[in-house]
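Dock chain B against chain A, hints included.
Respectively, the protein sequence lines represent chains A and B.
Going by this note's numbering, the final residue of the first sequence carries number 225, and the count climbs one at a time with no gaps.
Going by this note's numbering, the final residue of the second sequence carries number 602, and the count climbs one at a time with no gaps.
Hints should not be assumed to be uniformly reliable.
When the alpha-carbon atoms are kept at most 20 Å apart in a straight line, the in silico EDC-like pairs for lysine to aspartate or glutamate are as follows [what the hints assert, rightly or not]: (1) B:345 to B:371; (2) B:324 to A:138; (3) B:345 to A:138; (4) B:38 to B:51; (5) B:100 to B:55; (6) B:168 to A:117; (7) A:125 to B:499; (8) B:219 to B:234.
Derived list of chain A stretches under chain B, where covered just means 3 residues or more per stretch with a C-beta under 8 Å from a C-beta of chain B [unchecked claim]: (9) 113-123; (10) 195-209.
Worth flagging that the hints you see were computed from the coordinates, not collected in a lab.
Even for Gly, the Cβ is constructed at its ideal location relative to N, Cα and C.
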Amino acid sequence: MRISYGSSRRCNYRDDFGITGTAGAQVLLSATTKNESLIITDISRDFHINSEVRKMSSQKHILSILVDNEPGVLSRIAGLFSGRGYNIESLSVAQTAENSAVSRITMQTTGDDHILEQITKQLHKLINVITVNDLTDKKYVQRELILIKVNAKPEQRAEILRIVDIFRSRVVDVGPEHYTIEMSGDEGKLEAFIDLLRPMGIIETSRTGSIALAREKKKIK
Amino acid sequence: MKLKGAQILMKMLIDQGVDTLFGYPGGAVIDIYDSLADTPSIRHILVRHEQGAVHAADAYARAKGTVGVALVTSGPGATNTVTGIASAYMDSIPVVIFTGQVPTALIGNDAFQEVDIVGITRPCTKHNYLVKDIDKLARTIKEAFHIAQSGRPGPVLVDLPKDIMAATAEFEDPGEIDLKSYKPTYNPNKKQLSKVVELIKESKRPLIFSGGGVVLSKASEELTKLARMTNTPVTASLMGLGTFPGSDPLWLGMPGMHGTYRANMSISECDLMIAAGVRFDDRVTGRKDKFASGAKIVQIDIDPTSIHKNVEATCPIVGDCKNTLELLNSMLESENPSDIKGDASERQEWLDQIAQWKATSPQRYEQTGDVIKPQYVIDRLHKLTDSNTIITTEVGQNQMWTAQYYHFDKPNHFITSGGLGVMGFGLPAAIGAKAACPDKLVVCVAGDGSIQMNSQELMTAIEADLPVKIVILNNRYLGMVRQWQELFYDKRYSSTNMEKAPDFVKLADAYGAVGMRTDRADEVETVLKNGLACEGTVIMEFIVEREECVYPMVPAGGAITEMILV
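For reference, chain B alone in the conformation it holds in the complex:
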């Protein structure tokens, strides 16, 4: 069967189970959009900026547990995707990005809207391709999807020259993908796991540290089982929030720079840390020589480069988190149940100690007076929504307060730009998540600074009928930087004062969304209730305490036990 390149692309997308594309047309991809018009099974969501397309695809992938797909044109279309790609790369999210390219004969000639996007994105993609031969098109697309979602997932970019899309060729199914140089290790070494069983039996003060890898391998059930079976408290990185229920008594909260006192103290005092799917980011470890210095560390990760990169593991295990934890659990089940819970009185002592840390230094804020505390908004939002709500965030204080005060019970329900920390992520991500899960309530928690970075996507939400609820914590500052300036730069608020801001209620109105605003604490609940109950896209703006800081805080480079508590 003879097909156009663009038709082969459509065929392969359908073959890969793609039903949603986030994209923006342009000259170089006009053939693809022409074929897309003949492909009713694929929904195209027209964003208003290509960065938004990749963030939306990223969130779509996270909310649905599948691959997200973005389609953009050459040149500026391609370069606009770079931030989104880098964010997906840092957070290991499976996204496939198709970029248009000038015709092959023009490549290298500085043609109109030509850019070497494969060269530009080499360091921020898991892999990328320039397709120069239509006979390799189908196979390349299949490989791209295979690479994006296998092993440690990540973004894969496929650059598609215009002439390849317009040319015709005999379509042949590429068959199974078998790359001799790419064979991720899914199954753990059993011998190493039996060592872990012994370490668990010996441990007096064990701790589980769960990360984004547990979300990606869909292993949160196994992780929860391990924790409950061995009576071990759990902390989770920003990317791992929701992998263990936030309402469980064994839950410690997030560790690190803005972690809870008890999570950080537990890391310092534990004698065994079982780390699953974490990469020991500097925001978690603080001063590395003081991080879990008394503990034996079991590190489970599918990516060998994560092991011994930042922290030396006593017992490294290369494998998929789900497979590994499943096997570990089955090995533990064949042990005497009381053995794997450690000595009862010693374990109780450990849990009592943690309870005491919680009692003496809880994570807290006080809502007094009329001025709204931003934490109070998140707290109320948590109480007013159920665990099926998907929360996306922007980056900065809004992100940290959400991580601290919205207690996630399920994985894939907290979507944030963790590694790269992209302001402007939250709104397009909310749209992507809503496209993935139309039946779920999707809320974007934003700051007044970050919402302005991609507010044009409001139009996408309205046009594509993907209603999202936006909570803006407006302190008229770039709050996180202002906080650092307050604490470490003598309160010189250089360029962080943002008193001039748009009227967000009018902005909502201008796009055809609903806008609400309050600056009174006693109205927070009413605004949230009304806003969440509204059918369409809503902006709820809360004018909050201007100089509220995110606490606890570990100054950069400090040991995680050296915390500023309030």
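Only chain A is shown next, with the shape it has when bound in the complex:
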């Protein structure tokens, strides 16, 4: 996945899947969730800044959705969002460890209360959707994962390793002139990390959408 930063970052688009993103960000989408982990992300973290569509009350929401682990389910959800004009800001999908017949989709979306109510109800209406939970107003832990390939010339290496150390991330691949670093955390932490590495020259990155779980013992049904 290639990311282009800079001015193109603010150039918003909505592609055919209804996924909001920035020009230059590519989105991977497969029609099936069966037996594969699939992650979609977009890089427009500051999307809200110049969006005219958003109302003042519009807020980012994080939805945790349990679905039947069947072919075509993701397509139904993506189609629902594009057909009704909702945004998918990020999306990650994988089979759950506790039940292989069920997949969990974690989705970030934006909208005012009215839109979120419709999104939740419309998702529920899909036959393959088991539960929809809006974690936004609950206590939850959230993580994203990024792999960053960064220039690492001999004179930069010590500085990069210091940053890696401070952020408690780790180097997973080393080459004569690059490091590939694995880093996980919430969105803010990842942004800060990327900003610090940018002066070194980021070669490429791959970043997941958010995943999240509520901070309570009981399983959210």
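Same frame as chain A, now just chain B:
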């Protein structure tokens, strides 16, 4: 017991009580048609275009209050069904569509007559399936019927690869269907209902707004009882026509873009609206901030997404219309009868006001001179037929005039493509309705434009001996679009002039039907009488006033009280 896939399909259809299929054969479904030949309990009606099969199944479902079934082949057979499926989806009609598919090994190879119909119909079906395993076939079919007719009904498509139909497997009864992720809410929240009782008692100017959901849940008796018990006037959406008797003094007519003045004024002036099974379509609400702005809205719907979608409800109730109204009525019955009718003098004032709206701005037309007014034809048709007549329509002016001037007394007797507005719906729908109710008179009201969209189905009516009566209001225009052009586009009749049309009498003749035509007002009644009395399929063509408009009319996006009256 070992059975072929196609035999399992037949067995499951019989199990679901299916006795009629509308379909069209093709290479991918040849095994199914082979098994169908061994299944005498299922009648197959051969349409002349797959779109007609789905419309017919849709109307069959509506007329009979059951599930309609269509069977078509892969590729073009499947894509031809899409309009029919989308129409059934918009109108929430339970239809199951079986499409053939290329053998599983060829799926994805761009095989001959291959199309991803499951992908294509995902946004216009309630649910759909591709069966890739014969062991899941029986269960999938049962699930499809369960989903189509439960909750808010809708079309379900099942894609059947040819090799699955030809393969054999041990047949096992799938047992009860229990989907953990699909549990519609049938029973309303009682606490919410007691709030409704209070709202009814407090209300000075109540109004009931009934919709297609009342037809689907067979709740028109309960709705009528509620209205009469509480002395509340009733309006109904296009899809809800017939849920309250059109001959009742409490009836206001249809609201919205072509609604009556009194229905629209009542919506604007009421202080309580009890909306049952409606989705507040833009053709009903007009400008939303002016819609029932002074009213508390009770909204009853089995589909939670209908609530707060277009209009904010004060008191939302998720539940089946029949269950909900039944319970509400029983709660009201335990109240003091005079309490639930509101203050007598205030209620009389409200009903007087409505009567005055009716008197000052009635829905009207004038039949003067020789040239036939289209409304006059519908008016006469209504007078010449009884309330057991099933009326289907095409889409456009013919549809609106029928909704306005044919006063329906019973549900399931007005069959029209409401949400999607499909021209070409009426004739195949009439055939479907006739197949469902062979003893009833079925009339299709059409325009000269829309009848040409599926006129090939005349052959189906003749061949299957399903005689339908077709009334064509011929103004040699695409009338509704022409009306908009007249009112909002400086009368530039761009591409709506249809002076060239087939000779419909000869067309009837060509298919073996009876054709009649008149352009004189004094002959309308005679033609209708003779045509309706004829045994077979009849086309009655009326050459009508060319530039007649449907009034009243609310310009798109306007408040529903801002009506063009004549």
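So, going through the hints one by one against the coordinates:
| no. | hint | in the structure |
| --- | --- | --- |
| 1 | B:345 to B:371 | violated (33 Å) |
| 2 | B:324 to A:138 | violated (28 Å) |
| 3 | B:345 to A:138 | holds (19 Å) |
| 4 | B:38 to B:51 | holds (17 Å) |
| 5 | B:100 to B:55 | holds (12 Å) |
| 6 | B:168 to A:117 | violated (41 Å) |
| 7 | A:125 to B:499 | violated (46 Å) |
| 8 | B:219 to B:234 | violated (30 Å) |
| 9 | 113-123 | holds (count 3) |
| 10 | 195-209 | violated (count 0) |
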